[in-house]
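Enquirer: Residue numbers (numbering that gives the first Met the number 0), protein chains in the order written: chain X, 0 to 223; chain R, 0 to 222.
Accuracy of the hints is not assured; some may be wrong.
Claimed, not checked - If you only want the chain R side, here are some residues facing chain X, beta carbon under 8 Å, derived:
no. : residue
1   : Glu35
2   : Asn106
3   : Phe124
As the list claims (entries may be wrong) - Cβ-Cβ distance ranges computed for the label pairs, FRET-style:
no. : chain 1 : residue 1 : chain 2 : residue 2 : range
4   : R       : Gln113    : X       : Pro189    : 15 to 25 Å
5   : R       : Val112    : X       : Asn46     : 30 to 40 Å
6   : R       : Val207    : X       : Ser213    : 18 to 28 Å
7   : X       : Arg138    : R       : Thr109    : 36 to 46 Å
Since the hints were made in silico from the structure, they are not lab data.
For glycine and all other residues, C-beta sits at the position ideal for the given N, C-alpha and C.
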Amino acid sequence: MLSGSDTVYVLRYFDLIGRAEGCRLLLTAANASWTEEHPEWPAEKANQPFERLPVLVERSNGDEWILCESLTIERYLARVFGFMPTDLKQAALQEQMADQQADLAPAFMAQLMATDDMKSKQIDEFNTLLDRIVKEHGRILSRNSSKQHLFGDQLSYADISLYAFYKVYIVYLKIYQSNIDEIVKPKLTPEIINLILSIEKEPLLAPHLSKCDSMAAVLTSKAF
Amino acid sequence: MSSSNVSYTLRYFDTIGFAESSRMLLTAAGVEWTEEHPEWPQEKPNQPHGRLPVLVEKSTDGSPDFVICESTNIERYLARTYGFLPADLKQAALQEQIRDLMSDVGNLVTGYVQIKNGEDKAELFAKFEKLLETLVKVQTKLLKDNGNTGRMFGDKLSYADIIAYGLYMNMLVSLVKFKADIVDIIKPKLTPEVVKLISTVETDPLVVKHKSRGGSLVTVVSA
Numbered sequence: 000m001l002s003g004s005d006t007v008y009v010l011r012y013f014d015l016i017g018r019a020e021g022c023r024l025l026l027t028a029a030n031a032s033w034t035e036e037h038p039e040w041p042a043e044k045a046n047q048p049f050e051r052l053p054v055l056v057e058r059s060n061g062d063e064w065i066l067c068e069s070l071t072i073e074r075y076l077a078r079v080f081g082f083m084p085t086d087l088k089q090a091a092l093q094e095q096m097a098d099q100q101a102d103l104a105p106a107f108m109a110q111l112m113a114t115d116d117m118k119s120k121q122i123d124e125f126n127t128l129l130d131r132i133v134k135e136h137g138r139i140l141s142r143n144s145s146k147q148h149l150f151g152d153q154l155s156y157a158d159i160s161l162y163a164f165y166k167v168y169i170v171y172l173k174i175y176q177s178n179i180d181e182i183v184k185p186k187l188t189p190e191i192i193n194l195i196l197s198i199e200k201e202p203l204l205a206p207h208l209s210k211c212d213s214m215a216a217v218l219t220s221k222a223f
Numbered sequence: 000m001s002s003s004n005v006s007y008t009l010r011y012f013d014t015i016g017f018a019e020s021s022r023m024l025l026t027a028a029g030v031e032w033t034e035e036h037p038e039w040p041q042e043k044p045n046q047p048h049g050r051l052p053v054l055v056e057k058s059t060d061g062s063p064d065f066v067i068c069e070s071t072n073i074e075r076y077l078a079r080t081y082g083f084l085p086a087d088l089k090q091a092a093l094q095e096q097i098r099d100l101m102s103d104v105g106n107l108v109t110g111y112v113q114i115k116n117g118e119d120k121a122e123l124f125a126k127f128e129k130l131l132e133t134l135v136k137v138q139t140k141l142l143k144d145n146g147n148t149g150r151m152f153g154d155k156l157s158y159a160d161i162i163a164y165g166l167y168m169n170m171l172v173s174l175v176k177f178k179a180d181i182v183d184i185i186k187p188k189l190t191p192e193v194v195k196l197i198s199t200v201e202t203d204p205l206v207v208k209h210k211s212r213g214g215s216l217v218t219v220v221s222a
């Protein structure tokens, strides 16, 4: 662990799952001292370095260091706390998965906002990319001897990133599109469902996940 | 790291697109590399994520080819491997956050190009302009704080500088065919510091031999 025990973190974001869940899970898994701030918005917009959230504030020995952009914050925390492999090739394979997942967000918004003439094309594109992501999760998992993890046999950045991804697309985005879970869930294989539930049970994640609804009921429900 | 037994193939379309930064990183790294333009969409199923760019790293030591995809991931891998991203985690993260902001601007550009509806197009373009203004403000502050040397970080060509150049190339050159007046819209928003960044990158000895399909970006921003 590269940060001192007197280092504290503040995660600034909205009081939503949104783009910050991966950051929350990493800070939790790291057993870091951290709190969350929900800035008044848009009043506090101008006070953020990129006028956006999330923002990570790291305070240590009287110094304050600030980082923006959710994926950069995730990769930074993952590296600081040892959830990202130090081998560059192994790290690239985990980051590649996270980057592919991130591509789904603009595709989701595009199909949500599309006007009638573009709607079915945008929905197709969203589904195609989602199918590819799920297939890739399955492929990575099939090559790993542990089926509770994507890489190796311990909680990694990729595991946390995958869990946050499915939480966004099965739970969070329902506030924008109420049937999103009915679109995503049928695509999940039993192996992926098992992986999600295994990650959810990771003791390192308990301090945060114990305060959230479990995905178990949602994923194993027969009535959807 | 020795690059004498390693070579690369970059698979992409024969366009600037999302690969220009990777081309420049490969050139700056001084490694042996070539480009492949796969038949498309025939070669789609043969790519790890069904998309391009893809980077193939071959080694003469008999190990299997190492294949990665996702343009930003390729850039970070090359930048870390060849020292364009610092080993210090905080210093690297500060460069990566700029890259992510640039990606967001790039995504708005792509979205704009793909949208057909006139009203949405105008709204998206307004969003793009606003975020571009934020990006220019952030980059200008970095450039000024770094002594206005035309570099955002440190005193040599960095990952962030190369990515910035690639993004401006994409916006100012590639986008012209989708929006004829794009240069007239973007140029006035560029500060002298950002213009100097563009020329500092273009003339850097490490990338000067990279002949971009887009020609000289300095010419475009100075005209």
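Enquirer: Each of the hints needs a verdict: does it hold here or not?
Expert: Status of the hints after comparison with the structure:
With a cut of 8 Å, the hint placing R:Glu35 at the interface with chain X is violated, because the nearest CB-to-CB distance is about 19 Å. For R:Asn106, the shortest C-beta to C-beta distance to chain X is roughly 5 Å, which falls under 8 Å, so the interface hint holds. Annotation: R:Phe124 was flagged as interfacial toward chain X, and the flag is violated, the nearest CB pair being 15 Å apart, outside 8 Å. For R:Gln113 and X:Pro189, the Cβ-Cβ distance of about 36 Å falls outside the hinted range of 15 to 25 Å, so the restraint is violated.
Taken as a hint, the range 30 to 40 Å holds for the pair R:Val112 and X:Asn46, whose Cβ atoms sit roughly 33 Å apart. Taken as a hint, the range 18 to 28 Å is violated for the pair R:Val207 and X:Ser213, whose Cβ atoms sit roughly 57 Å apart. Taken as a hint, the range 36 to 46 Å is violated for the pair X:Arg138 and R:Thr109, whose Cβ atoms sit roughly 26 Å apart.
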